[in-house]
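Participant: Residue numbers (the working numbering), protein chains in the order written: chain A, 1 to 191; chain B, 1 to 231.
Source of the hints: derived by calculation from the structure; they are not laboratory data. A virtual CB, placed ideally from N, CA and C, is assigned to each residue, including glycine. Treat the hints with care, since some could be wrong.
With a straight-line Cα cutoff of 25 Å, these simulated SDA-like cross-link-like pairs (lysine to any residue) come out [what the hints assert, rightly or not]:
{"hint": "1", "chain 1": "A", "residue 1": "K84", "chain 2": "B", "residue 2": "D26"}
{"hint": "2", "chain 1": "A", "residue 1": "K84", "chain 2": "A", "residue 2": "Y18"}
{"hint": "3", "chain 1": "A", "residue 1": "K84", "chain 2": "B", "residue 2": "V28"}
{"hint": "4", "chain 1": "A", "residue 1": "K84", "chain 2": "A", "residue 2": "V24"}
{"hint": "5", "chain 1": "A", "residue 1": "K84", "chain 2": "A", "residue 2": "G103"}
{"hint": "6", "chain 1": "A", "residue 1": "K84", "chain 2": "B", "residue 2": "T47"}
{"hint": "7", "chain 1": "A", "residue 1": "K84", "chain 2": "B", "residue 2": "T30"}
{"hint": "8", "chain 1": "A", "residue 1": "K84", "chain 2": "A", "residue 2": "Q104"}
{"hint": "9", "chain 1": "A", "residue 1": "K84", "chain 2": "A", "residue 2": "T172"}
{"hint": "10", "chain 1": "A", "residue 1": "K84", "chain 2": "B", "residue 2": "P144"}
{"hint": "11", "chain 1": "A", "residue 1": "K84", "chain 2": "A", "residue 2": "E53"}
{"hint": "12", "chain 1": "A", "residue 1": "K84", "chain 2": "B", "residue 2": "Y211"}
{"hint": "13", "chain 1": "A", "residue 1": "K84", "chain 2": "A", "residue 2": "A102"}
{"hint": "14", "chain 1": "A", "residue 1": "K84", "chain 2": "A", "residue 2": "H97"}
{"hint": "15", "chain 1": "A", "residue 1": "K84", "chain 2": "A", "residue 2": "P156"}
{"hint": "16", "chain 1": "A", "residue 1": "K84", "chain 2": "B", "residue 2": "T25"}
{"hint": "17", "chain 1": "A", "residue 1": "K84", "chain 2": "A", "residue 2": "L155"}
{"hint": "18", "chain 1": "A", "residue 1": "K84", "chain 2": "A", "residue 2": "I19"}
{"hint": "19", "chain 1": "A", "residue 1": "K84", "chain 2": "A", "residue 2": "S170"}
{"hint": "20", "chain 1": "A", "residue 1": "K84", "chain 2": "A", "residue 2": "F150"}
{"hint": "21", "chain 1": "A", "residue 1": "K84", "chain 2": "A", "residue 2": "D106"}
{"hint": "22", "chain 1": "A", "residue 1": "K84", "chain 2": "A", "residue 2": "N158"}
{"hint": "23", "chain 1": "A", "residue 1": "K84", "chain 2": "B", "residue 2": "I45"}
{"hint": "24", "chain 1": "A", "residue 1": "K84", "chain 2": "A", "residue 2": "S37"}
Now the in silico label distances, taken between C-beta atoms and shown as ranges [stated by the list, open to error]:
{"hint": "25", "chain 1": "B", "residue 1": "N71", "chain 2": "A", "residue 2": "T183", "range": "36 to 42 Å"}
{"hint": "26", "chain 1": "B", "residue 1": "S70", "chain 2": "A", "residue 2": "A102", "range": "52 to 58 Å"}
{"hint": "27", "chain 1": "B", "residue 1": "D116", "chain 2": "A", "residue 2": "A102", "range": "51 to 57 Å"}
Here is what each chain is made of, one letter per residue.
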Amino acid sequence: MMLFFCQYAYGNIGGKSYIVSSSVESVIELRTNLPTSISFSTAINEGNRSESETTTSSDMNAYTNTEGLGIKFVLGVSGNHADKQHPTGSDQLYLIHTGDIAGQPDSNIRVPYKVQYRPCYLETTTEPAYMDLHPDPTGTENDVPLANSFEDDCLPPNGTFGAIRFVRESMTSLPLAGTYQGTVNIDISPQ
Amino acid sequence: MKKIVTAAIIAAATVTAGAAFAADTDTVTTAITATVQNEVHVSGITTAWDLGTVTADALQATGGITQTDSNVQMWTNADGATGLDVQVQSAKSAPAGTGIDALPQGQAVIAVGTPDGNNADAMVPVTMTCTPCNLTNNTTVATPIQFSAAGNTATGAGSNANETVTSDTGGTRQVQIRNATGAEYTTQAACTTGTGTAASCTFQAGPTTGYEAEGGTYTGTLTQLYSDATA
C-alpha cells in the first residue's frame with residue numbers, strides 16, 4: 001500500500017516492473033552408495049580363471065545441473081596398481097599378490113579388473129549400457145554423455161540412479177595362490 | 001480520474017556456469033580383494049594305454065613301442081612352492097634275479113600275471129618320461145625326466161639338476177620337477193598354451209633287449225601322485 005501511495009504521490013503513472021534475481025550455482029555431484037571395500041566372492045581356480053566375475057551394481061549418482069550450457073563431466077579411475085600404456089599397452093587395472101612377489105613374472109602375481117559405469121537415465125528412455133572407465137583414457141572414453149549427466153535424469157522419481165560395478169577379468173593362466181588387493185579412486189570432474 | 005498503477009514482479013533466475021562450481025570434483029575410494037586358490041594341476045596324460053596285439057620283434061626293437069601325449073599340463077600355483085614332487089608307483093616291477101639288463105630290480109614292468117624272477121620272458125619293461133613345460137622365450141630347455149625306471153643311472157636321474165630321486169626300489173620312484181627360475185617348468189604360466197610350451201609325456205613298452213617276450217596278455221599300472229614341492 002505504501003508503494004501505491006508513494007508512486008501516486010509522485011505522479012508516477014504507468015507500469016512499473018521490479019526485477020528480482022537469484023542465482024543457482026552449477027553443481028557437479030558424485031554421490032555413491034558404493035562400499036569402501038568389496039571382495040570378489042568367487043575364489044579363482046583353474047576351472048574359472050577364464051571366466052569373469054562382476055560385482056553387484058551399486059548406486060552411483062553422478063550428475064551436473066548445467067545442461068544446456070555445455071558442461072559435461074568425466075569420470076576418472078586411478079588404481080594403486082595400473083598399467084597406463086593405452087592404447088598400445090594394456091591400460092589395465094589389476095590387483096596384486098599380497099605376499100613376497102620379488103622376481104615373479106607379472107602373470108603370476110596380478111589379477112586384472114575393470115570399473116564400469118552405467119549412466120543415470122530418465123525412466124522414459126532406454127537404459128544406457130555400462131561403459132568401461134579407463135585408467136588412461138584416450139579421447140572421450142571416460143566422458144559421460146550429456147544426455148545422461150543432467151540431474152533430472154539421475155534423481156528419482158523421474159530418473160534412475162547411475163550404477164557402478166567391478167569386473168574381475170578373465171586370465172590366461174592361474175596366478176599364484178593367495179590374496180590379491182588393490183585400491184581404486186573414482187573421481188568426477190568437468191570436462 | 002483514477003490512476004491505476006501496476007506493479008509487475010518478474011523473477012529471473014540466473015544460472016552461473018563454468019567458474020562457480022559448488023563441487024567441481026569429487027572422489028570415492030574403494031578397496032578391492034580377490035582370492036586365488038591353491039591348485040596342483042595335471043591334465044592331458046593318458047589314463048589307459050592298450051598296445052593291442054604286438055609282435056615280440058616290435059617290443060625288441062630299439063625304442064620299443066611308444067605312445068606320446070603332447071599337450072600335458074602339470075604345475076602348481078602354490079606360493080613358495082619349489083616345484084612338483086611326483087611319486088610313481090608301479091603295480092608290477094621286476095624282482096631280483098632276472099639276469100636281464102633291461103629288467104633290473106625295481107624296474108616298472110607289464111607282465112603276464114605276477115612278475116617272477118625265474119621267468120623274465122613274461123615281463124616287458126615300461127617307462128614314463130615327461131618333458132616339463134617351459135617358457136618359449138626362456139633359454140633353459142626343459143629336460144626329459146623319466147618317472148618309472150629303476151636305478152640312479154636311469155635317464156635324467158642324478159644328472160639332471162631339476163630332478164632328484166629318493167626311491168627306486170619296490171617299483172616306487174619319486175622325482176621332483178623344480179621351478180628352476182620361478183618362471184619355467186612347473187609354474188603355471190609356463191604350462192599354459194599361448195604363454196609357454198606344454199609338457200609332453202611318453203609311455204614306452206620295451207625294448208626287451210637280450211630276450212624275447214613270450215606270448216600272452218601283459219598288464220600293469222603306473223600311478224602318479226603329484227604334490228607341491230617345498231624344498
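Participant: Between N71 (chain B) and T183 (chain A), does the C-beta distance stay in 36 to 42 Å?
Facilitator: 39 Å, holds
Participant: Range first: 52 to 58 Å. Now tell me if the beta carbons of S70 (chain B) and A102 (chain A) are that far apart.
Facilitator: 34 Å, violated
Participant: With the threshold set at 25 Å, check whether the alpha-carbon distance from K84 (chain A) to T30 (chain B) stays at or below it.
Facilitator: 19 Å, holds
Participant: Measure nothing beyond the straight line between the CA atoms of K84 (chain A) and T47 (chain B); if it is 25 Å or shorter, mark the hint as holding.
Facilitator: 46 Å, violated
Participant: Check the hint pairing K84 (chain A) with A102 (chain A) against an upper bound of 25 Å on the C-alpha distance.
Facilitator: 22 Å, holds
Participant: Is K84 (chain A) close enough to V24 (chain A), meaning Cα to Cα at most 25 Å?
Facilitator: Roughly 38 Å separates the two Cα atoms, so the pair is violated.
Participant: Could you grab the alpha-carbon distance between K84 (chain A) and F150 (chain A) and see if it respects the 25 Å cut-off?
Facilitator: 30 Å, violated
Participant: Does the structure keep K84 (chain A) and P144 (chain B) at a Cα separation of 25 Å or less?
Facilitator: 41 Å, violated
Participant: Hinted pair, alpha-carbon criterion (25 Å max): K84 (chain A), V28 (chain B). Please report holds or violated.
Facilitator: 20 Å, holds
Participant: Within a Cα-Cα threshold of 25 Å, do K84 (chain A) and Y18 (chain A) meet the stated pairing?
Facilitator: 57 Å, violated
Participant: So if I understand the rule, the pair passes when the alpha-carbon distance is 25 Å or less; does K84 (chain A) with E53 (chain A) pass?
Facilitator: 23 Å, holds
Participant: CA of K84 (chain A) to CA of D106 (chain A), is that 25 Å or under?
Facilitator: 15 Å, holds
Hint check: violations occur at hints 2, 4, 6, 10, 12, 15, 17, 18, 20, 22, 23, 26; the rest are consistent with the structure.
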